Amino acid sequence: GENVEQHPSTLSVQEGDSAVIKCTYSDSASNYFPWYKQELGKRPQLIIDIRSNVGEKKDQRIAVTLNKTAKHFSLHITETQPEDSAVYFCAVRGLGTYKYIFGTGTRLKVLA
Amino acid sequence: GAVVSQHPSWVICKSGTSVKIECRSLDFQATTMFWYRQFPKQSLMLMATSNEGSKATYEQGVEKDKFLINHASLTLSTLTVTSAHPEDSSFYICSVSLSRGSTDTQYFGPGTRLTVL
Chain A
14 GENVEQHPST
24 LSVQEGDSAV
34 IKCTYSDSAS
44 NYFPWYKQEL
54 GKRPQLIIDI
64 RSNVGEKKDQ
74 RIAVTLNKTA
84 KHFSLHITET
94 QPEDSAVYFC
104 AVRGLGTYKY
114 IFGTGTRLKV
124 LA
Chain B
26 GAVVSQHPSW
36 VICKSGTSVK
46 IECRSLDFQA
56 TTMFWYRQFP
66 KQSLMLMATS
76 NEGSKATYEQ
86 GVEKDKFLIN
96 HASLTLSTLT
106 VTSAHPEDSS
116 FYICSVSLSR
126 GSTDTQYFGP
136 GTRLTVL
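So the sequences go chain by chain: A and B. Letter 54 of the first sequence, counting from 1, is numbered 67 in the numbering used here, and no numbers are missing. Letter 37 of the second sequence, counting from 1, is numbered 62 in the numbering used here, and no numbers are missing.
Hint data in this document are derived by calculation from the structure and do not stem from the laboratory. Since the structure is predicted, the reported quantities are computational estimates derived from the model, not experimental observations. Just so you know, not all the hints are guaranteed correct.
[As the list claims (entries may be wrong)] Sample of chain B residues facing chain A (criterion: CB under 8 Å; computed from the structure): (1) THR57; (2) LEU69; (3) LEU71; (4) THR74; (5) ILE118; (6) SER122; (7) ASP129; (8) THR130; (9) GLN131; (10) PHE133; (11) PRO135; (12) GLY136.
[Said to hold, decoys possible] Distance condition first, Cα-Cα at most 30 Å in a straight line; then the derived BS3-like pairs of lysine-lysine: (13) LYS91(B) to LYS112(A); (14) LYS112(A) to LYS89(B); (15) LYS50(A) to LYS45(B); (16) LYS55(A) to LYS91(B); (17) LYS122(A) to LYS66(B); (18) LYS66(B) to LYS55(A); (19) LYS45(B) to LYS55(A); (20) LYS80(B) to LYS39(B); (21) LYS122(A) to LYS35(A).
Here a beta-carbon is modelled for each residue, glycine too, at the ideal position from N, C-alpha and C.
So that you can see chain A by itself, here it is in the shape it has in the complex (with noise of 0.2 Å):
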């Protein structure tokens, strides 16, 4: 089935920096990568999301990147905010499916 590895599991910047998370998975069928954010005991919320026809999205802060061929995806944070602080999840859908397999989760902080 579907592994999902996510790094790193902690990160911490400085208000204003840019944070990058990573994101591998083993199935190459898969179609669908989506990230979440996490606020303590909440929801986690869509934030930005990539289908596999398509290399980079960007929506005002928030970017994502998928290479198909090495079976990664990232997530870009430009301008970090302590706002942002959050657990932050990617997620991949196989395809043909309605599953989702989440990575482990990367706790980010952003130092006023």
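Given the coordinates of chain A, work out where chain B should sit on it, guided by the hints.
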């Protein structure tokens, strides 16, 4: 996106009792809902896929007789933790899959924190 609610938001129960958690899709009809479990500082682990009008599909290692799922309508799925034990204490989150054309996105409920004493 989709609006998903869960009830209760938290529950404390004694060991050996059963607890029912409701997941509602408030603004669209969901033929498929998902139940996840999340232990502290860990990722979301899919427990089962709930299908309206049919049996749920459980992931490997999840006991179907312990975690009873009922998806009786297009807006409601329930998860019952039977004979709960302290190791069942966790954050249980449901999600619905919203399809638009050839794509679909999952939207999560607010979660239910279960504590078994």
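Now the hints, each set against the structure:
1. THR57: holds, 6 Å
2. LEU69: The hint holds - LEU69(B) has a Cβ within 8 Å of chain A, the shortest such distance being about 5 Å.
3. LEU71: Interface hint status for LEU71(B): holds (6 Å vs cutoff 8 Å).
4. THR74: holds, 7 Å
5. ILE118: holds, 6 Å
6. SER122: holds, 5 Å
7. ASP129: With a closest approach of 6 Å, the ASP129(B) hint holds.
8. THR130: Cβ of THR130(B) sits 6 Å from chain A, so the hint holds.
9. GLN131: holds, 6 Å
10. PHE133: holds, 4 Å
11. PRO135: holds, 5 Å
12. GLY136: This interface hint holds because 6 Å falls under the 8 Å limit.
13. LYS91(B) to LYS112(A): holds, 21 Å
14. LYS112(A) to LYS89(B): holds, 18 Å
15. LYS50(A) to LYS45(B): holds, 27 Å
16. LYS55(A) to LYS91(B): holds, 25 Å
17. LYS122(A) to LYS66(B): Holds, because 14 Å separates the two Cα atoms, which is no more than 30 Å.
18. LYS66(B) to LYS55(A): holds, 13 Å
19. LYS45(B) to LYS55(A): Given pair LYS45(B), LYS55(A) holds - Cα atoms ~20 Å apart, limit 30 Å.
20. LYS80(B) to LYS39(B): holds, 28 Å
21. LYS122(A) to LYS35(A): Within the cut-off at roughly 16 Å; holds.
Every hint from the earlier list agrees with this structure, and none is contradicted.
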